[in-house]
Structures are given as C-alpha cells and as structure tokens.
Amino acid sequence: MRHIISLLVENEAGALSRISGLFSARGYNIESLTVATTEDQTLSRMTIITTGSDRIIEQITKQLNKLIDVVKLQDFTEGNFIEREMMFVKVKADGESQRAEVKRLSDIFRARIIDVTDTTFCIELTGSGDKLDAYIRSMHENNIVEVVRSGSMGIMRGEKALTL
Amino acid sequence: MELSGSEIIIQFLKDEGVKHLFGYPGGAVLHIYDALQKQDDVEHILVRHEQGATHAADGYARATGKPGVCLVTSGPGATNAITGIATAYMDSVPLVVITGQVPSHVIGQDAFQEVDAVGVSRPCVKHNFLVKDLNKLAETLKKAFFVATTGRPGPVVVDIPKDITAPHIKIPYQYPEKVEIRSYNPNFKGHPRQIKRAVELLLSAKRPIIYTGGGIIMADASQELREFVRKLGYPITQTLMGLGAFPGTDSQFIGMLGMHGTYEANMAMHECDVLICIGARFDDRITGVTSKFCPYAQIIHIDIDPASISKTINADIPIVGGAKQVLIEMLKQIDMTELEVDKTALDAWWKTIKSWQAQDSFAYEQTKDLIQPQAAVEELYKVTKGDAYVTSDVGQHQMYAAQFYHFDEPRRWINSGGLGTMGFGLPAAMGVKLAFPDKDVACVTGEGSIQMCIQELSTCLQYDLPVKIINLNNRYLGMVRQWQEFFYEKRYSHVYMDSLPDFVKLTEAYGHVGIRVDHPDDLHDAMKEAFKLKDRTVFLDIITDQEANVYPMISAGKAHNEMDISPLQQKVQASLKAKGELV
Ligand SMILES: Cc1ncc(C[n+]2csc(CCOP(=O)(O)OP(=O)(O)O)c2C)c(N)n1
Ligand SMILES: [Mg+2]
Chain A
39 MRHIISLLVE
49 NEAGALSRIS
59 GLFSARGYNI
69 ESLTVATTED
79 QTLSRMTIIT
89 TGSDRIIEQI
99 TKQLNKLIDV
109 VKLQDFTEGN
119 FIEREMMFVK
129 VKADGESQRA
139 EVKRLSDIFR
149 ARIIDVTDTT
159 FCIELTGSGD
169 KLDAYIRSMH
179 ENNIVEVVRS
189 GSMGIMRGEK
199 ALTL
Chain B
12 MELSGSEIII
22 QFLKDEGVKH
32 LFGYPGGAVL
42 HIYDALQKQD
52 DVEHILVRHE
62 QGATHAADGY
72 ARATGKPGVC
82 LVTSGPGATN
92 AITGIATAYM
102 DSVPLVVITG
112 QVPSHVIGQD
122 AFQEVDAVGV
132 SRPCVKHNFL
142 VKDLNKLAET
152 LKKAFFVATT
162 GRPGPVVVDI
172 PKDITAPHIK
182 IPYQYPEKVE
192 IRSYNPNFKG
202 HPRQIKRAVE
212 LLLSAKRPII
222 YTGGGIIMAD
232 ASQELREFVR
242 KLGYPITQTL
252 MGLGAFPGTD
262 SQFIGMLGMH
272 GTYEANMAMH
282 ECDVLICIGA
292 RFDDRITGVT
302 SKFCPYAQII
312 HIDIDPASIS
322 KTINADIPIV
332 GGAKQVLIEM
342 LKQIDMTELE
352 VDKTALDAWW
362 KTIKSWQAQD
372 SFAYEQTKDL
382 IQPQAAVEEL
392 YKVTKGDAYV
402 TSDVGQHQMY
412 AAQFYHFDEP
422 RRWINSGGLG
432 TMGFGLPAAM
442 GVKLAFPDKD
452 VACVTGEGSI
462 QMCIQELSTC
472 LQYDLPVKII
482 NLNNRYLGMV
492 RQWQEFFYEK
502 RYSHVYMDSL
512 PDFVKLTEAY
522 GHVGIRVDHP
532 DDLHDAMKEA
542 FKLKDRTVFL
552 DIITDQEANV
562 YPMISAGKAH
572 NEMDISPLQQ
582 KVQASLKAKG
592 ELV
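So the sequences go chain by chain: A and B.
Quick note on my numbering: the first sequence kicks off at 39 and runs consecutively.
Quick note on my numbering: the second sequence kicks off at 12 and runs consecutively.
Please keep in mind that the hints were generated in silico from the structure rather than gathered at the bench.
Predicted, not measured: the structure shown is a model, and the values here were computed from it.
Even for Gly, the Cβ is constructed at its ideal location relative to N, Cα and C.
Keep in mind that a hint or two might mislead.
[Claimed, not checked] With beta-carbon atoms standing in for the labels, derived distance ranges:
#, chain 1, residue 1, chain 2, residue 2, range
1, B, Gln-124, A, Gly-189, 48 to 58 Å
2, B, Ser-366, A, Leu-202, 54 to 64 Å
3, B, Phe-497, A, Thr-201, 49 to 59 Å
[Unchecked claim] The following residues of chain B were derived to be distant from chain A, with all beta-carbon distances above 10 Å:
#, residue
4, Glu-13
5, Thr-395
6, Gly-431
7, Met-508
Please construct the entire structure, taking both the sequences and the accompanying hints into account.
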C-alpha cells in the first residue's frame, strides 16, 4: 500500500544521503522525496512517498527513526491529511487552435500559464498526484516539451501538527 | 586551557578514560601523531594494517565492555578500516574510529589521499561525523562516544580534516561532561504492561524455551539472565554471539542453536509452544527458513532496538527495552504473580529434550593417526581449564570452537558472527590480551583465515602481547569445501590451500615460537607447551583431518527439525528406531 511519511530531520549535510541511502540499501521503494528547511533553520521537513506491505512500512518507519538525524516522524496514511504536488509543464503552442485548446484545458484544471512565447506555454499546476497525471494525459503526448514535478508534500488537517 | 585540535583529541581521550588507541599514521593525521608523541597517558598500539586496528579495538571492546578506539589516516587508511567497522556494526560493538581527512579547503578536489570517509562508512556505522569547526571538536567526540556506547551499541566514525588539528591554532578546551542529542533517546525500560503479559504467557507455557543472544552480553545482563533461567527452570539456548552469558556447562543450557547448533536446541525450537527471545535478532543463520520457523510457538521478543523486532519473525509480545532492565522487571513480576510454572508439563518437556540430547549430535569419530579438529578444541578447553578468552576467525574452526569450548562467562568468546570476517581472530586476540595481560588468550583459526591478518604477529612482538594461535590446519577453506561437498557434488572449486607457508618458520621469522603437531598422541603435550610459554606468542599449527565436516547443519530452505546430522548420529538414530525409541 502507498504511504506518505513526514519527517523532521536535522538540517545537516549528511542527513539526506543517510535517508536515501537507507532506502536503497534495504531495497525499499521510494516514489518521491521532497525536502526543504522549515521556519526553524536547524530542521528540515521531508515528505516521503513509499509503497510496501504493512511489515515493510513498519520496518521503514523503525529504520528511519533509528537514524540519529531523524528527529520526528509520522506516517500520515491512517490519518486525515492533505497532500499536494506541484508541476510545471512546457507544451508546444503554435497556431491559434492549439493555443486555445491548451488554455481551455488549463482552465478546467485550474492551472496557470506562467510563461508564454510564440511557440510554447509553460503551465503551473498544483494538486494531488492523480490530478497532475490526469492533466498530462489530457495533453497530446507530442505537444509536451518537458514536465517538472516536485514530488508530494503533506500536512495533517486540523490542529494536529508534526512539530518538536 | 588553550589547546590545538590535536591536543584536544588527546586530552579528550584522556578525560574520557581511554587508555589504548589502535592506529596507523599518515599525512592527514601527522599533527595528531605529534601530539600523541608528547604524552604517555594514552598508549598507542601501532598495528600493521588498519583492518588490524579496528579488529583489535573491537576485541578490546567485546572483552572489556568499554569502547574501542582507533586512529587512522585519510584515504587508504580509512578504507582499510571499513571491514573492521562493518564487522563491529553487524555485532553491535562500540567503536570510535577517528579518520584523518584532507584539509577542509581541498575537500572535494580529489586531493591526495582523499576519500569521502563519511560517505564510504555511512552504511556500516551507527553514526558518523565530519568535523567542520574546531570549536565543535570536543563536543563531537563526546557525541561519538555517547552514541557508540548507548542504546544498541555500534561503531561511530569521526572524520577530522587536517587543518582542524593544526598545532598553531589553539582554543579554550573544557571536557564536555555531557552531551544531548535531541533525536537520540534510547529506551531502556520496557513497557510494564507488555512485561506483565510476557510473564503471564511464559508461565502458561507447556514447552517453553529461552533463546538469548549477544544483547545479553552487551547489556551486562548475565547475572539477571542466570537468575531468570534458574527461577523458571526452563531450557535455554544461546546464539553464537550469546555464548557464555549463561554458563555453557550448566544442565539447563541445551547448546547453541541455528545452522550448526545442537540437535536438541534446534528440535526444541521447532517444538516449543512459547519462545522468549532476549537480545537476539532472528538472524537467518538462526531461523532456517522463516516460513517453517517455530510453527507452534507464541513469541516474546525483547530488544533495545525496535527495528530488530518483527523484522524477520513476527513477535506476539514485543518489548522494546534494555535486556538488563527488562529482566529485572520480569523477575519482580514472576515473584509477584500467583501464576506458577507448570511442573508436570515442564518435566515431560525436559524428558523429551534429554532424549534428543542423548543422541549426542556433536559426537565425532576419533581417529588414531589423524587429529580431528574437534579434538584440538577439546584439548584447548582442557589445558586452559575452560578459563581462556577465545577469539576466532571464520570457518569450520569457528564452529568447532563454539561447539566444543564451553564458555561459562560472558565476554570470553569473541568472534565475528554477523559479518563473518576472516582475519578477525588474531588482531582481536591482541586487543583482548592488552586488556587482560594475565589471562590466557587463544585465537582459534584456520590456515585460510590466519593469512588475512597474519602481519599482526609483528604487533604482538612490539607490544608484548603473547597470544596463542591455535591453527586448525586442514589445507582447505574448509567451510566452503563443506558446502561444495554437500551442495555441488564435491566439485571443489578453488578451496584447496596449496603452497602454504611453513607456519613454524614464519612465526619464528616474526620472533615468536612455532610448534607443529600432526599426530593425536602429541596434541596434549604440544597444547600444554604452548600455554606454558606464558610470555611468548605461540603459533600451534595443528594438522587436522582434511575432510571433517561440521554437524549438525541446517541447510538452505530447511527448518530446525530438518537438520543434516553426522554419520555417527545417523547410526544412533537407526538403532533407536529399530528399538522403537526414536522420539
Ligand atoms: C574476508 C572473507 N572472505 C571470504 C569469506 C568466505 N569464507 C567463509 S569460511 C571460509 C573458509 C575459511 O577457511 P579457513 O580459515 O581455513 O577455515 P576452515 O573452514 O578450514 O576451518 C571462507 C573463504 C569470509 N568469511 N571472509
Ligand atoms: Mg582451513
């Protein structure tokens, strides 16, 4: 099953490689990993999307917790949480009908066009992974120039929070 | 006190109570070696290979319970140390390894003797540090010792760039008495309700077994374990790493379990209804095929490392906590509860176990002209009165040592269980001898393994570390040969040790005593002689039966009750069967 694990990690040089190294050394899946510092400069917040049986997920959380650089960890999957991913898509857009079609689709998905040239559009879109997938599917494959996805990040709903 | 980085390292080690440092110099640690040279509080042991430094520190740590400390240079010094670091990691041994690094300003430029020591060691350390700021040096060293020695112990690498140790840059130094790491908080206590449930389950057992490992030794919980086992009257089996925690000669000890464990221990594992595991980790050499592991048992697992619990085998009652603290609590609860051991069931269980024991699964055929390897270990046991520290390498000889030397005390049996590192035995023995100069220290090895770190014979001479090398010389990489015999129809592929050196001459060249023995009649005298020479390192080269095998054996995909047993035991079983008495 797919799990979304959120971590507070020491903001130190080796922390990221310890975590990614753990996944590769133990053969765990990693779908995406995002990381950036928080309002507290000593801490980074990381979101890992992974898949595995209950037993594997239990091992993943235990092994992550064992790392000295991991300060706090929570598996959001069971709880009530929000997950979002951001994407840039650059598409070919030459000719009136093509430009109109891209615009129309982007409106439906509530995407924003953030850069325009005579021949291309660059579109920004935020949402669940599924929504981003759907947007890409809606484009003609031949029109896509490049896709940049951030990987998912998550946060608990309500008053619950992953803090120190 | 104003000190340079190098002086801080030395002063810190003194303040931390470190007496011995195993190391090898080089460019990146020259400043540190200069500071070392100016003092006598910390004794430096110059090994002959950095692998030797890590194994020696490891042996020292296992025998004393104190952390072992190493100092090596950057690049090849650090990479040579990796095997020893990985060895300590797999067996949870507290080590602090200081590696020199190229100066900060050239890190990342492929400088001479630069290797990313933090990166290279990362998968086989408990934690590691790169010191970037002289002002953090003492605190980082303290953190390293703190992490290495607490919780589930393990090796910690501290990588120190050369500029940090420069002699002319001095800063105030104060020994950091305590450090805190906000994300690191080992739990020793164990959950009281879980402990209560465990005690209830234990006392409801009809066919219980206690299975313990190296965690008991690391936690210094032997006394508590002994009390626990005796109070319950249950059978106990120990892993290769756990031997000695409970006395090997006690009647409640039914032998080591696992791949080369006793018939009775493995059968009892298979048939038990309640299994309590303390400080062991259900390693694949212990469980055999997991799908057939302990099919009738409810399992209690006590470990300080939560990640060890339910990793390979699911625990019905998991308890995260230190072996010592949890055992103390269990003893209390056993005294308090109204529940009692089911004596009738236990008697019947012991009767079954004794009938398995009677088959004597370690028995071997004595030969007139050939020394059997088992006999050599038995002789060692006799001559040292069971009171020696025994290190070993990896192979058949290691299994014979574990099977035939009955360790009555913890920290006496020192071997590389998890990583299975050939070359471990001799340097480890040096570390032990350094810690206990008045004790007999023997290294049981094979002609293959000993050659992996044989250069340390030179260190033995320089530092007057008279260890006894008991070489079970079968002219084969015996354990590999055994697998090729069993599973590859005797296609012996590159396991014959041709062109062996004359070990007697070799030892003499190193300034020690060499004795060669090839006849059973001479074994006793040779062994006696080796240990009589108290202040000499002796290499006892024992020419043994070439094709002896280690029995019993659980081979791949097999369960505990599907052991391959020795030809001798097969005969015993056949005659029991004929009489209708085979259980
Ligand atoms: C460094 C290393 N390389 C290879 C092995 C694989 N291996 C395990 S046992 C063994 C044979 C050891 O031979 P020897 O030391 O003569 O012991 P014997 O089995 O003959 O008693 C080998 C090669 C190992 N354990 N360690
Ligand atoms: Mg051999």
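We went through each hint and held it up to the structure:
Here the CB-CB span from Gln-124/B to Gly-189/A is close to 38 Å, at odds with the stated 48 to 58 Å. Between Ser-366/B and Leu-202/A the Cβ separation comes to about 59 Å, which falls inside the hinted range of 54 to 64 Å. The given range of 49 to 59 Å is respected by Phe-497/B and Thr-201/A, whose C-beta atoms sit roughly 57 Å from each other. Listed as outside the interface, Glu-13/B is consistent with that label: its C-beta sits roughly 28 Å from the nearest C-beta of chain A, beyond the 10 Å cut-off.
The Cβ of Thr-395/B sits about 39 Å from the closest Cβ of chain A, beyond the 10 Å cut-off, so the non-interface label holds. Residue placement check: Gly-431/B keeps its beta carbon more than 10 Å from all beta carbons of chain A (closest about 18 Å). The Cβ of Met-508/B sits about 34 Å from the closest Cβ of chain A, beyond the 10 Å cut-off, so the non-interface label holds.
In this structure, only the earlier hint numbered 1 is contradicted, and the remaining ones agree with it.
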